[in-house]
Amino acid sequence: MQTDVIIIGGGLHGCSIALHLAQQGFKPIVLEKNIVGRHASGVNAGGVRQLMRDVAEIPLSIAAMDIWENLDRLLGSHLAETCEFISRVGQVGVAASASELAWCAQRTAEMKALGYDLEEMLDAKGVRRLVPTLSDMCIGGIVSRRDGHANPFRSTQAFRARAEQLGARFYEHTCVTDVAEAGSKWQLDTTRGQMHADIVVNCGGAWAWQIAGMIGEQLPSTHLALTLMVTSRIQRFLDPVVIGIDRKLSLKQTEVGTVVIGGGVLGEPDLDAGTTLTVADRMVESARTVWDFFPILRQATIVRTWAGLEAVTPDILPIIGASSVAKNFWHVFGFSGHGFQLGPIVGSVISEMIADGKSAFSIAAFSPARFSNGAIASGAIHAAQHEQQGATG
Amino acid sequence: MTLPRTCQFAVIGGGPAGLAAATLAAGLGIDTVLLDEQPTPGGQAYRNIEAVSRSSWRLLKILGKHYGQGNALVEGFRQSGVRYEPSSSVWQVTPSGKIGVSQSGQAYLLKADRVLIATGAAERSVPVPGWTLPGVMTAGAVQTVMKAAGIVPDEDTVLAGSGPLVYLIALQLLAASAPLRAILQTQKPTSWFSKIRLLSQVRAGAGDLLDGLKWIRAIKSSGVPVFHASDIRAEGRDRLEAVTFQSRGQRHRVDASALLLHEGVIPNIQLTASLRCAHRWDEAQVAWAPVVDQWGTTSHESIAVAGDGAGTRGAKAAPHSGRLAALETAFRLGLISMKERDRLATGDKQALARQVGLRSLLDHLYSPSEAIRTPADADIVCRCEEVSAGEIRKLIDGQGFVELDQLKSQSRCGMGQCQGRMCGQTIARILAEHRGLSMKDVGYFRLRIPVKPLPLDQLAHLQNAECDPELSASSGDPSQRV
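Chains as they are written, first to last, in our numbering: chain A, 1 to 393; chain B, 1001 to 1482.
Honestly, the hints are just simulated from the structure, not real lab data.
Everything hinted at is true.
Across the chosen pairs, the derived CB separations fall in these ranges:
#1 Ser1438(B) / Glu110(A): 57 to 67 Å
#2 Ile234(A) / Gly1390(B): 25 to 35 Å
#3 Pro1039(B) / Met137(A): 31 to 41 Å
The beta carbon of each residue, even a glycine, is placed where N, CA and C say it ideally should be.
Okay, chain B solo, but in the shape it has when bound:
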């Protein structure tokens, strides 16, 4: 296998932002490599779209027209001449553009003049009591298996959460005749006054809003009970048996084998955090995001971020931010003038602005509630290392800890296989609440490479590594070395 060693532009992630960026970059004459974890292009939004479009008309119908819109992007990418490296896991990006890649059981380093991180967003953890029981999963996980393998839940299912994706998944489950027993809406009721105020700021995206209203109507007419719910609990001995919750002053119980949770997505900041890019706490989105300029450039000028990884704006906004990053890259590489860049950017900038307006409305309507309720002492927060909320609180009180990394070092929370992806925000929230600090003050875990687990065998045979002989020489007596 011949591995790429260098390129001008490396795009990480084959979702809408990465595909659009790479396609445009190649069109502008930039030597571009696209690295993606999935075996085919599409990302989370358009996962497996080529195969589904080709061979499963029924599944395509279940997944809906928004999914089908990914076809054009993927086709354009396939014709672009971008060097495409599927099934590649990226475990490192350095500020100088050295990318650590694992593919087919081998690891190598790829040096890029400029890097675009288009690794999107990940579902927010919703650590309700009982969330570690088998049968409790994220709604996105169910979507993933539907798209990738055509598998549809066939057990009694409860869907809980807030955000447009909850409606979309509900519709997909109904279209697939899955036994959906209840939908629990966790968003707080919003006043009409603030809805109207926000709507007035939405300059476009009206079509999407209408789609959303259509989804809500379709769900209501399906007959599946819909509750405004809070204090959701997953109940069961060894696996999920029922979901209980509070609604209109009463406790309810629905027997179920599957509970799908979703309270929106948050930018996947593992790479940008390991790069020590500057980050900002976004109060409206209740999440950390890297600080980027209008072209997606981070505090490291050779590293850019596009798509939901720079702040959640959705799959429709992502291609526009991807193309803006590609234009900036072409400008920085000297392939187009600043004037040319600005001229080519006009359409994407306008389209992006429209999507941002829509997103502000959604952020306001569907702010997370169950995900930001700090767990009770007995509940597990770090699943990998089985650390409970009570243990965290005890360390904060007993040891006087004020930093996330102190909690990590002492209790092992965040040290496991998921590298803090699932527990980071929850532990930060417990610390913030207990100390009367803001999430911004508390910050995030200090992350380092590898941001994805890396087999030792691959590291031992890492290709293209630069070895500095001076640093590896051991001279003198073995008892007198560091």
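Excised from the complex, chain A in its bound form:
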């Protein structure tokens, strides 16, 4: 089998890149070792969030929001609807301490100074206007009103379906076992036989470092099992998505009335088996925060938990860019728990880079080169202050 671009990994980013490449006239093939959307893309909290992002991601995030708000243009109206994108309900960071409140003030001032007006500071009254059921413990916060949420599994399926309509091909249950240069092309050994392509895009998520290793490039291998828990259905009480500032929390009420709770609770990843176990001991902290912030949820019952495998980089910024050891090889992974919202725009940027060698957006801050030789390059944005953070959730 032979084509112009092979994308390894059928998560949202792989699907989005395939979609945008197909739009540009390429004939992309997506190889997925399991099924499309099996891991982080299909099981994340579905937050479509600009709020509290690293400033390096803000331009991309704003552009992504434009696409989310016009999904029908990208996907057609039927597929756009299946994403269940709920727009402009806002995401709210809740402050429960003076230091968290001070951080909100400092952050909004910094963002203003940079020319961004997407976040606003909230006082105790303001935060209650958006989230009336908050306990007295919550004294203010920060909001991005344009934010919302979507159904992650269905969104990933919709991007795949659109990519297929445009001519992209998907092979599920197809594992890449080796990648090697063969003349001017890439040769991929897969469980479905040998394949060749001019260009390879590595969207392998938690396994992407293994693909990078096949071409001799050492990239961060850290991966986490980010856990979510969900309650049974309850009467509607919440429109925005609520996140913690220093406390571990992310909480939203879905369209059917269940409440999805997360915020960096770690499960046990099993990369080789391709699965995770969730750990009750570590859910206590999030449950306690919900108990503190939302008295209305104290009697709710948790009916299920799950966790997705997600690649996390040392500086919590994604790896997006050309390989630093090989030509015509791209890496797009390591979104560190906040890649869902960026899916639509990163696909567009990468397809422009592949087609034209340039894009309107700079992705320099996300270059794989900052991890050359397994270390953080000194020039990379924020590298120094994030270095010690490692795997903390």
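Keeping the supplied structure of chain A fixed, place chain B upon it in accordance with the hints.
What follows is chain B alone, placed relative to chain A:
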């Protein structure tokens, strides 16, 4: 309240397997805790037996001599010195033996060196058309309220299904003078040749077979019409008004307010599946069961399963498999030698083998039929999330889905309060049928904790949880965290 934090041996389930295992384990000097959801020992088979034996001679007579046989087990357990934790719901077991328990509105973790899962079997779902109408229930649910509360149906009732339990429940209803209007036998007629062949393999259990024949005779002489039935439908607008079915080439209709369905029981695998124990598809029993060795040990060596949870063999077999698991536990804990274990196991092994022979005959005679008929497009399969069979088929065709969890993620089937207990097999069967796969290929939902709904209040105050400070620390700027 002082909660147990650790023990050597934790037994989950207070039915015949769990009671026998815990009793023997305590007798061998093992520090044993028995956790059970019910307020008193007995399990499903001997539910509420102490109170019924003490105070309701009439109910004891209605329920029959097999029920009464539970008394000895419960008495032995009461005298055993086992730490008994009734009204406890277990929502987690980890491979390392950490058990999540809810009791009296509090949740705690109990660490055990070895765990025996004796959570038994659950009734197979029988999703006939109209099964979601009020008035349609499982036959076991009726037995439960009879045992627990002495409540007997007083409306026109139709009992439908296959298996010895159908006869037993019919007799119990007749003894209680319940208005039983018809019995619909759904098992396929078996040839005499294969019956005789199977009977020759039954080395014992002849007494039970005779009991069964006596039950059948008693039902026939009661005058309640008995049909060989198929294509059963529950009919009615807002609740059950009538049951219709096919019998001998004709459509029949019986007016009824209650339809009790039963097509056998299947192992309750919620815990073993959440533990990712290896499972096997049992063609004869048409069910998944955990893979266990002769001592009940699963693919995780500190986790064992005894009783019907490891494959349906009935209440008489359960105590034997429970005791074998207790002996293996004593051996692994270093309390008895291998030789001692094998010597003590002889009687239980022989008794168990006899019951297994009987069960093979029953499996063959009473294989489910209505429960494995895949529902029509309009029928609801997932009751919690109201997903129809047609929606499932549309997803399989339209999206090319090949896995159960894809169907779950896209349609929400299996995501509700019952956590797939009621719809799991039916949805798997629709997928298997549509794709030309076997049930074994299709597998089961990926299950995780909590296997029973857990109040957030209890999780927020979970006792004995181990918090890893490194994992909970949040350092650096809030905009630069996962």
